[in-house]
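Colleague: Sequence:
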Amino acid sequence: MEKNKNSHAVIHYAGNELFVGITPSGHAQAIETNGERASAATPMELLLLALGGCTAVDVVSILEKKRAEVKDYRVEVRGQRHGEHPRRFTRMEVHHVLRGGRLRERDVRQAIELSETKYCSVAATLGPGVEIASTFEIVDE
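For the sequence shown, my numbering begins at 2 and goes up steadily by one.
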């Protein structure tokens, strides 16, 4: 069993509603809250990316273990937010679009389900407070 891993991120204020986040692994990420300027991702946009990235890594890994050939893959994540503050996500829709060889519907469905229920730590962190609805399509070669 894995021991608890602590993470330490740092957010620096750069002025004018712009921030620079430093990840625990030392990568810099611009973050902003000025939607009109739109020069960097907002914290809520990063949450959409976090869920999509987390599940994508799992799905590809599981499908490769099943000897599927994933040639092209994208994950589209849409979030619905509560109308009042805090404007948290209440529902996130995750749509997987895959192209490749030996991609069976059953395997893709199982890989997505395993990611959502067992492996994706972002989905687990969102917990029961956010409904996550997943769909997928397999594009013919």
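Bear in mind the hints are in silico, worked out from the structure with no lab data behind them. Keep in mind that a hint or two might mislead.
To be verified - For lysine-lysine, the following DSS-like pairs were computed, each having C-alpha atoms within a straight-line distance of at most 30 Å:
id	residue 1	residue 2
1	Lys119	Lys67
2	Lys72	Lys6
3	Lys6	Lys66
Said to hold, decoys possible - Computed Cβ-Cβ distance ranges for the label pairs, DEER-style:
id	residue 1	residue 2	range
4	Tyr14	Gly102	18 to 26 Å
5	Gly27	Val58	28 to 36 Å
6	Asp141	Gln111	17 to 25 Å
7	Asp141	His86	17 to 25 Å
8	Gln111	Glu132	37 to 45 Å
9	Asn7	His96	18 to 26 Å
10	Gly36	Glu65	18 to 26 Å
11	Gln111	Tyr14	24 to 32 Å
12	Lys119	Arg88	23 to 31 Å
13	Asp141	Thr43	13 to 21 Å
14	Lys72	Gly130	33 to 41 Å
Cβ atoms here follow ideal geometry from the backbone N, Cα and C, with glycine treated the same way.
Colleague: If a hint holds in the structure, say so; if it doesn't, say that too.
Modeller: Tested hints:
no.	hint	result
1	Lys119 - Lys67	holds (17 Å)
2	Lys72 - Lys6	violated (33 Å)
3	Lys6 - Lys66	holds (26 Å)
4	Tyr14 - Gly102: 18 to 26 Å	violated (49 Å)
5	Gly27 - Val58: 28 to 36 Å	violated (20 Å)
6	Asp141 - Gln111: 17 to 25 Å	holds (20 Å)
7	Asp141 - His86: 17 to 25 Å	violated (45 Å)
8	Gln111 - Glu132: 37 to 45 Å	violated (21 Å)
9	Asn7 - His96: 18 to 26 Å	violated (33 Å)
10	Gly36 - Glu65: 18 to 26 Å	violated (38 Å)
11	Gln111 - Tyr14: 24 to 32 Å	violated (44 Å)
12	Lys119 - Arg88: 23 to 31 Å	holds (29 Å)
13	Asp141 - Thr43: 13 to 21 Å	violated (36 Å)
14	Lys72 - Gly130: 33 to 41 Å	holds (36 Å)
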